[in-house]
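**Q** Chains as they are written, first to last, in the numbering used here: chain P, 1 to 114; chain A, 1 to 110.
None of these hints come from the bench; they were simulated from the model.
C-beta: ideal position from N, C-alpha, C; glycine also.
The reader is advised that the hints may include incorrect statements.
As the list claims (entries may be wrong) - Pair ranges (Cβ atoms, derived):
1. P:P83 x A:S12: 31 to 41 Å
2. A:E79 x P:G63: 38 to 48 Å
3. P:E59 x A:Q14: 32 to 42 Å
4. P:A82 x A:S9: 23 to 33 Å
5. P:G96 x A:S28: 16 to 26 Å
6. A:S12 x P:G51: 39 to 49 Å
7. P:E52 x A:G16: 45 to 55 Å
8. P:T54 x A:S28: 19 to 29 Å
9. P:D26 x A:H72: 35 to 45 Å
10. P:S80 x A:T78: 47 to 57 Å
Unchecked claim - Computed cross-link-like contacts, BS3-like style, restricted to lysine-lysine with a CA-CA straight-line distance of at most 25 Å:
11. A:K71 x A:K42
12. P:K9 x A:K37
13. A:K22 x A:K42
14. A:K68 x A:K42
15. P:K57 x P:K71
16. A:K71 x P:K9
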Amino acid sequence: NAGVTQTPKFRVLKTGQSMTLLCAQDMNHEYMYWYRQDPGMGLRLIHYSVGEGTTAKGEVPDGYNVSRLKKQNFLLGLESAAPSQTSVYFCAGSRGTSGANVLTFGAGSRLTVL
Amino acid sequence: GENVEQHPSTLSVQEGDSAVIKCTYSDSASNYFPWYKQELGKRPQLIIDIRSNVGEKKDQRIAVTLNKTAKHFSLHITETQPEDSAVYFCAAANDYKLSFGAGTTVTVRA
Chain P
1 NAGVTQTPKF
11 RVLKTGQSMT
21 LLCAQDMNHE
31 YMYWYRQDPG
41 MGLRLIHYSV
51 GEGTTAKGEV
61 PDGYNVSRLK
71 KQNFLLGLES
81 AAPSQTSVYF
91 CAGSRGTSGA
101 NVLTFGAGSR
111 LTVL
Chain A
1 GENVEQHPST
11 LSVQEGDSAV
21 IKCTYSDSAS
31 NYFPWYKQEL
41 GKRPQLIIDI
51 RSNVGEKKDQ
61 RIAVTLNKTA
71 KHFSLHITET
81 QPEDSAVYFC
91 AAANDYKLSF
101 GAGTTVTVRA
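Can you make the complete structure from the sequences, with help from the hints?
**A** Below, the structure written as structure tokens:
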């Protein structure tokens, strides 16, 4: 089992470029999440999905879009990258158990926008 | 939405001493409170969690306490060891959405 896998691990973009981060899981997770981690700000939820074909906004959704066409995959897109989107992005999945929603994180994707 | 505050932001302890990290939350409907540990360059991993119907939970050297009335919960690490050096995040959840605190960087001095 690979668990939760993110690609790419590193990426450098120029302002205005677009890109997609892929999260793939083989743990049969119903729920999937995208967080960004910035120094001193913890993990902030960008978007999440409670099942195949569903997406919802988190705390900091502006500038990002997501899709969950298949249960195993959750894609995070940046249509026009900005320097403020320089961050480490973590994908996570969970069974969605009410009262015990344990997240399994991917290894992270470090994005730099110049 | 839920707002989780975590203190202190950094904590330095002598090996063998105890470490305590405190968190407060705002949403009285939150019912699940996990703690995640993130070593340098690694992904966050769950170390302990507590549900709203429990006041305290212990797992070897780590323990978590919850005061629902005051809306705060704490992580206690006893007999700290060098491998406890990491960033620790508390979180609060109402159903499936977790909101994280800003993190505490713990350094264990030999």
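**Q** Would you mind marking each hint as holding or not holding in the structure?
**A** So, going through the hints one by one against the coordinates:
1. The supplied range of 31 to 41 Å is met by P83 of chain P and S12 of chain A, whose beta-carbon atoms lie about 33 Å from each other.
2. Range check, E79 of chain A to G63 of chain P: Cβ separation about 45 Å, and the 38 to 48 Å hint holds.
3. A beta carbon spacing of about 37 Å between E59 of chain P and Q14 of chain A agrees with the range 32 to 42 Å that was offered as a hint.
4. Our hint of 23 to 33 Å for A82 of chain P and S9 of chain A holds, since their Cβ atoms are close to 27 Å apart.
5. The given range of 16 to 26 Å is respected by G96 of chain P and S28 of chain A, whose C-beta atoms sit roughly 22 Å from each other.
6. For the hinted restraint 39 to 49 Å between S12 of chain A and G51 of chain P, the CB-CB distance of approximately 44 Å keeps it satisfied.
7. For the pair E52 of chain P and G16 of chain A, the supplied restraint of 45 to 55 Å holds, since their beta-carbon distance comes to about 50 Å.
8. Checked against the given bound of 19 to 29 Å, the beta carbons of T54 of chain P and S28 of chain A, roughly 27 Å apart, stay inside it.
9. At about 37 Å, the CB distance of D26 of chain P to H72 of chain A agrees with the hint of 35 to 45 Å.
10. Between S80 of chain P and T78 of chain A the beta carbon distance is about 50 Å. The supplied range of 47 to 57 Å therefore holds.
11. Restraint check: the Cα-Cα separation between K71 of chain A and K42 of chain A comes to about 30 Å, which exceeds 25 Å; the hinted pair is violated.
12. For a cut-off of 25 Å, the pair hint linking K9 of chain P to K37 of chain A stands: about 20 Å separates their Cα positions.
13. Restraint check for K22 of chain A and K42 of chain A: the C-alpha separation of about 23 Å stays at or below 25 Å, so the hint holds.
14. For a cut-off of 25 Å, the pair hint linking K68 of chain A to K42 of chain A is broken: about 31 Å separates their Cα positions.
15. For the suggested pair K57 of chain P and K71 of chain P, the alpha carbons sit about 18 Å apart, so the restraint of at most 25 Å is met.
16. Distance hint between K71 of chain A and K9 of chain P is unfulfilled; the C-alpha atoms sit about 37 Å from each other, more than 25 Å.
In terms of the numbered hints stated before, the structure departs from hints 11, 14 and 16, listed from lowest to highest.
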